[in-house]
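Protein chains: 2
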Amino acid sequence: MAVPQGTRAPVIFVLEPFGGSIRRNNPNLPFIFWDDAAVTRGDGVFETLLIRDGKAANLRRHAERFRSSARLLDMPEPDAEYWARATAEAAEAWVTERGEGVDAKCVWTYTRGRASTGFPSAWLVLSDIPQKTLDQRANGVKVMTTPRGFSVDTTLPGVDEVTRGGTGPGEERRVAPWLTVGAKTLNYAANMAALRWAHAHGTDDVIYVDPRDVHPDKGPRVLEGATSTVVLAKSKKRLRTPVPGGEVLPGTTQAALFEHAEAAGWRCKARDIYLRDLKTAESVWLVSSVRVAARVLSLDGKTLEVGGDPEEVRALIEGALGS
Amino acid sequence: MAVPQGTRAPVIFVLEPFGGSIRRNNPNLPFIFWDDAAVTRGDGVFETLLIRDGKAANLRRHAERFRSSARLLDMPEPDAEYWARATAEAAEAWVTERGEGVDAKCVWTYTRGRASTGFPSAWLVLSDIPQKTLDQRANGVKVMTTPRGFSVDTTLPGVDEVTRGGTGPGEERRVAPWLTVGAKTLNYAANMAALRWAHAHGTDDVIYVDPRDVHPDKGPRVLEGATSTVVLAKSKKRLRTPVPGGEVLPGTTQAALFEHAEAAGWRCKARDIYLRDLKTAESVWLVSSVRVAARVLSLDGKTLEVGGDPEEVRALIEGALGS
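Quick mapping for you: the protein sequence lines, in order, are chains A and B.
If you count the first sequence from 1, position 147 lands on 147 in full-length UniProt numbering, and the numbers rise without skipping.
If you count the second sequence from 1, position 43 lands on 43 in full-length UniProt numbering, and the numbers rise without skipping.
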């Protein structure tokens, strides 16, 4: 059984599919129809943002990935300006009702819409950050590694570029069946199953590894967390993350972190990372927009040694969210 | 833009998650909440059934796969008896309102439910079969083949059995992250993308092939349609279908067909099938519950030769739905 996520009501705004008015929705009233593609097919895209001090953190990158995801699904491109305005209005309502200083989780949802109308559906929800998320942010997570159970065929033409976010507005749209890969779609049931599996095994999260790409000394290649990007801190102010593309969704928080850390004198690179690299890093982090950064305490039951100053890394990640 | 599917209103019944009363829902009123796992994660299962002559066709097999899908997602097992009763009540309402002899498409949906309550959501919808579906049933479909873009890792322990439906009620539940594979979940965005891609290329449907399993003479291995099972009719009253498991969902209509056809003296087998096998068959069919059987007219732009008596095969499939 899921636990109620916070005791206060969320702030919900329903958007027009192509811009226009924004309407607040009473959270006790349902507003989604049986024939919405989100419900019948998981056919839509989403972004999860952190609202801090009444503002959406890392807004530009989320808006970019949101637009890119929509393009990959061959949906009309969402108007970033309009979504930003709606988010600001919701954040204002949040601050008014909950006071300053209460972080919120903001989810943007944009679906192919009702089969009976053909118009996309769009809404956003601000809600309390679950206590468990706050605990993991503060105290870290125990992690188990697991194969994902499926793999993206990156040998197919175009897949590699597309999954690295390579569809700028000016580029030709690549209409092909595999193009939901690389989009942040509502098809997240497998990730949720992986998290349930982790919890059933006394851990908090999973890191996916690729059992078909095993380094003779360093073990399987590391992909990503169930809902986060893996980041390693190494000696001499170095940060590493697995190369995005294929089964590794480009991370918005990781991107913000790398930009911020580079400016602070760190050297940041996307590299192929293998399991043993996690064990020899100074610290290992799962970064994502709302949990921000959870340090990996243990991997498959074995405590990870900590080197360097993890709090310096955490401060970098927190600092990146203002940028 | 999607086209309205029929001009008449659907019949919607909302079910209790653990059995109980059944309540009709006005189709003009939304009833799904923003925090339903179906909406936020595509986290739920479904079945699509044909209602013919006021009855659900192939009910037992659909109920079995529905239960199996729920088990795979670690959801409380739905009560088949209760769903059958709700379906019968909805079918009765359909016949009363639409008259005898109008087929309906019935979709069962069962989701992990609202995050804020922890109770599963459950409903069923009877609606008109889209005219396009009826046309394809009558006239056949042009098909293009395509790789799926991802592949299920069947070398992982348990995956092969699970994806062949190997989780009887008495068996230990295999709680593992890859177990949504083999379940008929709401994560169907990729299949919808494949169909859009087929339409954009002047065809009606796709057949997935495995580019990593290519026979030297016969080409890539055939998997399944986007929303259907591939069946071949061969000389000497033989029917063949790709071996289910991995990326091939076991088909309920195909199973009913094979049982019915065996009783009528045909020899039916699941085998590894390669692309050339489709070209040398007497006829090739995409079978599914509502479209029932659409003959494949052409493959990647090349007309398929027809042998034997396709109408005999069609009659077998239609006949199987009474069983």
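It is possible that part of the hints are untrue.
Any copy, or any two copies together, can satisfy a pair, since identical chains are not distinguished.
No more than 20 Å apart at the CA atoms, straight line, and that leaves these computed lysine to any residue pairs for SDA-like [to be verified]:
{"hint": "1", "residue 1": "Lys269", "residue 2": "Asn28"}
{"hint": "2", "residue 1": "Lys302", "residue 2": "Pro27"}
{"hint": "3", "residue 1": "Lys302", "residue 2": "Asn28"}
{"hint": "4", "residue 1": "Lys132", "residue 2": "Ala115"}
{"hint": "5", "residue 1": "Lys132", "residue 2": "Gly118"}
{"hint": "6", "residue 1": "Lys55", "residue 2": "Gly246"}
{"hint": "7", "residue 1": "Lys132", "residue 2": "Thr203"}
{"hint": "8", "residue 1": "Lys55", "residue 2": "Thr117"}
{"hint": "9", "residue 1": "Lys279", "residue 2": "His215"}
{"hint": "10", "residue 1": "Lys132", "residue 2": "Ser116"}
{"hint": "11", "residue 1": "Lys234", "residue 2": "Arg271"}
{"hint": "12", "residue 1": "Lys269", "residue 2": "Glu92"}
{"hint": "13", "residue 1": "Lys55", "residue 2": "Phe13"}
{"hint": "14", "residue 1": "Lys279", "residue 2": "Pro27"}
Since the hints were made in silico from the structure, they are not lab data.
Indices of hints not satisfied (ascending): 1, 2, 3, 6, 8, 12, 14
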